[in-house]
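Novice: With chain A fixed as given, assemble chain Y onto it according to the hints.
Quick mapping for you: the protein sequence lines, in order, are chains A and Y. Last residue of the first sequence: number 267 in the working numbering, and the count goes up by one each step with no gaps. Last residue of the second sequence: number 1113 in the working numbering, and the count goes up by one each step with no gaps.
In case anyone wonders, no lab produced these hints; they're calculated from the structure. As the structure is a prediction and not an experimental result, all values here were calculated from the model. One or more hints might be untrue.
[Unchecked claim] So the derived list for chain A, only partly shown, Cβ under 7 Å to chain Y, looks like this:
(1) D47
(2) L58
(3) H140
(4) C170
(5) G173
(6) N199
(7) P234
(8) V238
(9) A261
[What the hints assert, rightly or not] Okay, derived cross-link-like pairs now, DSSO-like style, lysine-lysine, Cα gap no bigger than 30 Å in a straight line:
(10) A:K96 <-> A:K240
(11) A:K52 <-> Y:K1091
(12) A:K60 <-> Y:K1108
(13) A:K60 <-> A:K74
(14) A:K196 <-> Y:K1091
(15) A:K74 <-> A:K96
(16) A:K74 <-> Y:K1108
(17) A:K240 <-> A:K196
Beta carbons are placed, not taken as given, at the ideal position from N, Cα and C, and that holds for glycine.
Here's the letter readout for the chains.
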Amino acid sequence: MCGVCGCSEGETRVEHETAVQAPPREADPPGSACCEASSMRADEESDTRLVKVEQDILSKNNHIAAHNRSHFAKAGVLALNLVSSPGAGKTTLLVKSLEELSNRLPCAVIEGDQETSADADRIRATGAPALQVNTGRGCHLDADMVHRAFHHLPLEDGVLFIENVGNLVCPAGFDLGEAHKVVIASVTEGEDKPLKYPNMFAAASLMLVSKVDLLPHLDFDVNALIANARRINPGIAVIKVSATTNEGLDRWLQWIDAARAMAVAAR
Amino acid sequence: MHEMALCQGMIGLIEDQRELQDFAVVRRVVVEIGALGHVDPDALAFAFDVVAADSIAAEAALEIREIPGRGWCMDCSESIDVPRRGEGCPKCGSFMLIMEQGEEMRLKELEVA
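One chain only, chain A, in its complex shape (with noise of 0.2 Å):
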């Protein structure tokens, strides 16, 4: 505060419980900062003031995706976030997942890629609505994205399945607004996957562990990759799915079904 006149140049509030600290000046005299013109442009060293922000860096994205998460309660819409890394086959159990389910709900897909339509097309030609984002150089779909796809796709009562970016570190940061993140991880993949990747499989509430038709051919340890998940998220459900035979799949349309029926009833 100004010795002189009393002003309090920078103790002004900020939204969200923020307050403003002065500047840390040594000592006030009087008329120093606000009663000399001089001084208002003078040294820049004791003109800096600090603001306190305290945001969550994100807290736009999570803004928008707190509200796609009220618009999807109220139409009675299950939201999914499909994430995994390139090739662990989003986009083929997602195809078979639609032939069984579409005749009996409605679904749509957001498909998230850096570039071209290819995945949307392999969707559309299920009968369900598809809608391609391309993130061009982004890595991620964020809630914006999808807050914008979704008023594309007329859904109520159905389910919105995301396929996110083929990506395992930085969609794990961005809530869409979804029900639940399901994270798919295929044996020819690593059983070091969850713990490389923790974030994203701390993230999510399903692991799907996929392409299990070709276990007899791999040197793989399902046990050894569903204990690392449980490392990294002790409450992680797990089935195992093959889109070649359809094992698991019956398993994982159940799962859908009652976390649609635990979003039904909580609206």
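Specialist: Chain Y only, in chain A's frame:
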């Protein structure tokens, strides 16, 4: 490189603050980053230089404060240090942990003029 997107988010928040706080230049940006999150501090610093270049924070120094991992061990029934994910409780080895701290990505404060 989601650090680029994070930096764009930071610049957005800083621009919001400029509206509210009326400052001309940002000298220092302080962020808190959890040690167990998915943000690499070096990548964040690199991305910040790139993203901030044409912004009000072009001249700002980025200060990254790391928040160590903490969790609740359900077997020990106490709060423990979690230096790394997947290694369990340092006391009993259990993996039944509930994370309490270490995933932050927070814009803490700005030094402005």
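Novice: Does the interface hint hold: is L58 of chain A within less than 7 Å of chain Y, judged Cβ to Cβ?
Specialist: Where the cut-off is 7 Å and the nearest Cβ of chain Y is about 6 Å from L58 of chain A, the hint holds.
Novice: Is K96 of chain A within 30 Å of K240 of chain A, Cα to Cα?
Specialist: Answer holds: K96 of chain A to K240 of chain A is near 14 Å, not above 30 Å.
Novice: For K60 of chain A and K1108 of chain Y, compute the direct alpha-carbon distance and say whether it is at most 30 Å.
Specialist: Holds, at roughly 15 Å.
Novice: Taking 30 Å as the top limit, are the C-alpha atoms of K240 of chain A and K196 of chain A close enough?
Specialist: Given that 30 Å is the threshold and the Cα spacing comes to 20 Å, the pair holds.
Novice: Tell me if N199 of chain A is really an interface residue toward chain Y, meaning its C-beta lies closer than 7 Å to one of theirs.
Specialist: holds, 4 Å
Novice: Does the structure keep K74 of chain A and K1108 of chain Y at a Cα separation of 30 Å or less?
Specialist: violated, 35 Å
Novice: Taking the closest Cβ pair, is C170 of chain A under 7 Å from chain Y?
Specialist: holds, 4 Å
Novice: Regarding the pair K52 of chain A and K1091 of chain Y, is the alpha-carbon distance no greater than 30 Å?
Specialist: violated, 37 Å
Novice: Take a quick look at whether K60 of chain A and K74 of chain A sit within 30 Å of each other, Cα to Cα.
Specialist: holds, 22 Å
Novice: For the restraint on A261 of chain A, tell me whether the closest CB of chain Y is nearer than 7 Å.
Specialist: violated, 26 Å
Novice: Regarding the hint that G173 of chain A lies at the interface with chain Y, is the smallest CB-CB distance below 7 Å?
Specialist: holds, 5 Å
Novice: Hint check: is the beta carbon of D47 of chain A less than 7 Å from a beta carbon of chain Y?
Specialist: holds, 5 Å
The structure fails to meet hints 8, 9, 11 and 16 from the earlier list, while all remaining hints are met.
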